[in-house]
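**Student:** Sequence:
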Amino acid sequence: MKNILVFGASGQLGQCLKKVASLKGITSIFFPPESEANILDPDLLAKVFEQYKPAYAINCAAYTAVDKAEDDIELARKINKTGAANLAVQCKAYGAALVQISTDFVFAGNNPNPLSEDDIAEPISVYGLTKLEGEQDVAAILPQHFIIRTSWLYSEFANNFVKTMLKLGAERDELKIIADQVGTPTYAIDLAGAILDIITSGSENYGIYHYSNEGVTSWYDFAKGIFDVSGTKVNVFPIRTSEYPTKATRPAYSVMDKARIRNTFGLQIPYWRDSLIVCINALQSAQ
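Everything in the sequence shown is counted per this note's numbering, starting at 1 for the first residue and increasing by one.
Hints are computed from structural coordinates only; laboratory data are not their basis.
Every value quoted in this text rests on a predicted model; they were computed, and no experiment measured them.
Note that CB positions come from ideal geometry on N, CA and C, so glycine has one too.
Don't take every hint at face value.
What the hints assert, rightly or not - DSSO-like cross-link-like pairs, simulated, lysine-lysine; straight-line CA separation at most 30 Å:
hint : residue 1 : residue 2
1    : 68        : 24
2    : 163       : 176
3    : 92        : 53
4    : 176       : 19
5    : 53        : 18
6    : 224       : 68
7    : 92        : 47
8    : 68        : 167
9    : 247       : 163
10   : 19        : 92
11   : 19        : 163
12   : 2         : 24
Stated by the list, open to error - Ranges of calculated distance between the beta carbons of each label pair, as one might list FRET restraints:
hint : residue 1 : residue 2 : range
13   : 120       : 203       : 39 to 47 Å
14   : 247       : 78        : 17 to 25 Å
15   : 67        : 263       : 34 to 42 Å
16   : 113       : 206       : 21 to 29 Å
Please model the entire structure based on the sequences and the hints provided.
**Tutor:** In structure tokens:
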């Protein structure tokens with residue numbers, strides 16, 4: 001197996017890749033720390049590419065603080081756009097393919113139909129805009145790219161909606177959760193598995209792909225699912241987005257069509273609630 005380099009290794013998806021690679025017996029995958037592989041430092045990147053000479057790079061590094069990005073445009077753009085471009089340059093120099101992780105937030109989310117890769121990207125937040133700019137730079141620099149847009153990531157690792165809900169559900173009697181933003185949760189372990197399956201297939205079907213778990217839900221119903229599966233007793237009430245204003249505007253509907261990635265690579269994509277059960281079981285068994 002040719003070498004795989006993971007950037008943003010300490011984040012949620014990076015940690016999931018480490019776990020899944022171990023389960024799959026993939027040993028030629030490397031997770032250098034940010035001190036050795038900062039995507040904003042071209043000199044460091046050149047050294048790490050020279051050391052490992054990867055055939056694939058996976059970019060899990062991102063600025064993901066959606067509301068904070070509205071006031072922190074420069075840093076968000078550096079990480080999400082310039083950092084991705086820096087990786088594409090190194091990949092081109094070493095003949096490597098790049099897996100660039102992107103987001104459903106590249107869409108406006110004002111059309112109640114599942115989003116295909118060919119739909120027009122019209123981001124309505126700084127986060128979404130800078131991630132789209134990163135996609136565009138990667139595509140312009142490096143033909144050998146897999147851009148994978150995902151949504152609502154959660155897992156046993158790092159901070160995410162599932163872990164936040166479990167914490168709040170244990171502390172409070174009632175919660176109010178937004179019910180008019182609709183999308184699909186993605187278990188980051190499933191996404192990691194899909195990425196590694198694509199790489200190990202040796203496919204050269206480069207381009208943009210959508211990946212989330214199957215199904216459709218709102219944040220409110222997602223929260224209800226979390227509490228049902230975990231056995232957490234808490235009263236949950238639906239509210240509108242207008243009742244919980246945030247700095248950044250979020251897509252109202254960002255369900256993604258997965259037909260392209262499923263058909264191209266023969267992937268089996270789990271239903272969101274089935275994966276939620278797996279995650280919560282893992283969290284509870286670790287306690």
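**Student:** So which of those numbered hints doesn't the model satisfy?
**Tutor:** 1, 4, 13
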